[in-house]
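Q: Chain by chain, the residues run as shown.
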Amino acid sequence: MFRYFHNHFQAFSRGLIRIKSNLGGSIMMFIIIGITLCLPSAGYLIVENVRQISTKIQHEAEISIFLKKDISQDQIDFIDLALKSSSEIKKIHFEPKLVAWKKLQTKLKLSTLDVGISKNPLPHGFFITLNTLSKVKINQLTEDLKLIDGIDNIIVDGSWIKKLRAVIYIIKAGLFSLGALLVVVLIVIISNTIRLQTLTYQNEILVSKLIGATNSFIHRPFIYTGLIYGLGGGVITVSILKGTVIVFNNVAERYEYILGNSIVLLGLSSTDYLIILMSAMLIGLFSSFFSARQSIKRLENS
Amino acid sequence: MIKFDKVFKKYPGEMDALQDINLEISSGELVFVTGSSGAGKSTLLKLMSAVERPTNGSIIFENNNLSELRNQDMPFLRRKFGMIFQDHKLLYDRNCFDNVVLPLEINDINPTDSARRVRAALNKVGLLNKERMNPVTLSGGEQQRLAIARAIVSRPSILIADEPTGNLDKGYADEIMNIFYSFQQVGVTVIVSCHELPKSPIKYKQIHLIKGQITNSDNHVPLLS
Chain A
201 MFRYFHNHFQ AFSRGLIRIK SNLGGSIMMF IIIGITLCLP SAGYLIVENV
251 RQISTKIQHE AEISIFLKKD ISQDQIDFID LALKSSSEIK KIHFEPKLVA
301 WKKLQTKLKL STLDVGISKN PLPHGFFITL NTLSKVKINQ LTEDLKLIDG
351 IDNIIVDGSW IKKLRAVIYI IKAGLFSLGA LLVVVLIVII SNTIRLQTLT
401 YQNEILVSKL IGATNSFIHR PFIYTGLIYG LGGGVITVSI LKGTVIVFNN
451 VAERYEYILG NSIVLLGLSS TDYLIILMSA MLIGLFSSFF SARQSIKRLE
501 NS
Chain B
106 MIKFDKVFKK YPGEMDALQD INLEISSGEL VFVTGSSGAG KSTLLKLMSA
156 VERPTNGSII FENNNLSELR NQDMPFLRRK FGMIFQDHKL LYDRNCFDNV
206 VLPLEINDIN PTDSARRVRA ALNKVGLLNK ERMNPVTLSG GEQQRLAIAR
256 AIVSRPSILI ADEPTGNLDK GYADEIMNIF YSFQQVGVTV IVSCHELPKS
306 PIKYKQIHLI KGQITNSDNH VPLLS
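If you're matching them up, the sequences are chains A and B in order.
Okay, so the first sequence: first residue is 201 according to our numbering, each after it adds one.
Okay, so the second sequence: first residue is 106 according to our numbering, each after it adds one.
Bear in mind the hints are in silico, worked out from the structure with no lab data behind them.
It cannot be assumed that every hint is accurate.
Within a straight-line C-alpha distance of at most 25 Å, the following computed SDA-like cross-link-like pairs (lysine to any residue) qualify [said to hold, decoys possible]:
{"#": "1", "chain 1": "B", "residue 1": "LYS194", "chain 2": "A", "residue 2": "ARG493"}
{"#": "2", "chain 1": "A", "residue 1": "LYS497", "chain 2": "B", "residue 2": "THR139"}
{"#": "3", "chain 1": "B", "residue 1": "LYS310", "chain 2": "B", "residue 2": "THR139"}
{"#": "4", "chain 1": "A", "residue 1": "LYS497", "chain 2": "B", "residue 2": "LEU209"}
Please take these sequences and the hints and turn them into a complete structure.
A: See the structure below:
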């Protein structure tokens, strides 16, 4: 067991030595991997922030219920009672048509004479806030309300949230495709670097083969080099993302008095950062493994 | 120890490098493989050390038929040989110590034992004081001695040297040959290829090759006493 770990430690050390011996090139490699991974990760960061905002907004979304114009007070009371009996409803606000009309006039700064309307065109309305996020429950409630006599129209004010969510979903799918494309780019870049390294260490590979080194002994340092490239790139990605969040929030805080609202960019979770690091390392590992195997086979045959 | 039975070796698109080779080398022998350039000396040594496989025939080493050995077993067999090359094949991005320690790393020897054995090998070839130097700073003779230290550090039962003195002055060449004689004296089988037969102070076997065929395989008593 000691020998197994000692072997891997030796290979890791050799990988580190190779990185150190070409420090400039290795740093460039870290930066390339870091920035390449940063593109989909930053997109994910933005989408996650928008998604969280949309989730928050949906909590406060209202359903507007507009009543028929000729509705009686008894029917209004019945609807009020029906709404109060629903467990999905958090808050009920009744807006009589007269109040709504006055509000509209005040808002538009108009008198009835200006627009040529002598009669109030607005209906009575109930504005309810839900205490559920379930799409199924909201749909069910809407369907139930439609059956009540006296209700003319129901508008789920959160419908734009659905559109936003659909947009987020599309962006996420786009980011996934972009991420996959960039992973391929990274695999090509790392593979090429490892291939060049096998040429640099051609002499060592051939001598090691002649004196009895197994393929895994020869592959290992290259694999660790790829792994370290991935780790370095991943650390740069995480640093850029964390730095961006800090800088953005500092700037947003400075301009809070102009914007009138505080805008806070939330960072990714520790799990997300860990996933980014692990993904970068895995990309480095697999690229170097396949590249080293292919290149060394080619060297042997040449 | 090593037995060649009707061995042929042909490289693609070329003439037979070796034809109908039959020979037997016993444990502890000193063997000189002689012949002019292109006679097949290096090919013979490559077949002996399992670097290449024969096209036909069988090579038996310690009850293993090298022709039938699986690819994944080849590295483990090669570890039993100490290989020395005309061009040394040293690694110039490592110091002397790290060059010599390579076979021990491959053989999975622990670091403490490795350090001790590397120093013993360097001491044997007179390079102990140069362990931290880069091989590029050494003379041709010293580089070859370093290559010998790398070959002996894993305590092989056979030393195979392919024209080890080919690029050296006579003084350095004698120095290198004396090291080989000293190993033969302690029971190591030593196989050396060279253009001309050296003046050996000890009993040896000569295998002379002309155009891939053995023309002479005799045991000789010392030329010098």
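Q: Work down the list of hints and note, for each, if the structure agrees.
A: These are the hints, each one checked on the structure:
1. B:LYS194 - A:ARG493: Cα-Cα ~23 Å, so holds.
2. A:LYS497 - B:THR139: 33 Å, violated
3. B:LYS310 - B:THR139: 11 Å, holds
4. A:LYS497 - B:LEU209: Roughly 24 Å between the alpha carbons, so the hint for LYS497 of chain A and LEU209 of chain B holds.
Figure legend: structure checked against the earlier numbered hints; the only hint not met is number 2.
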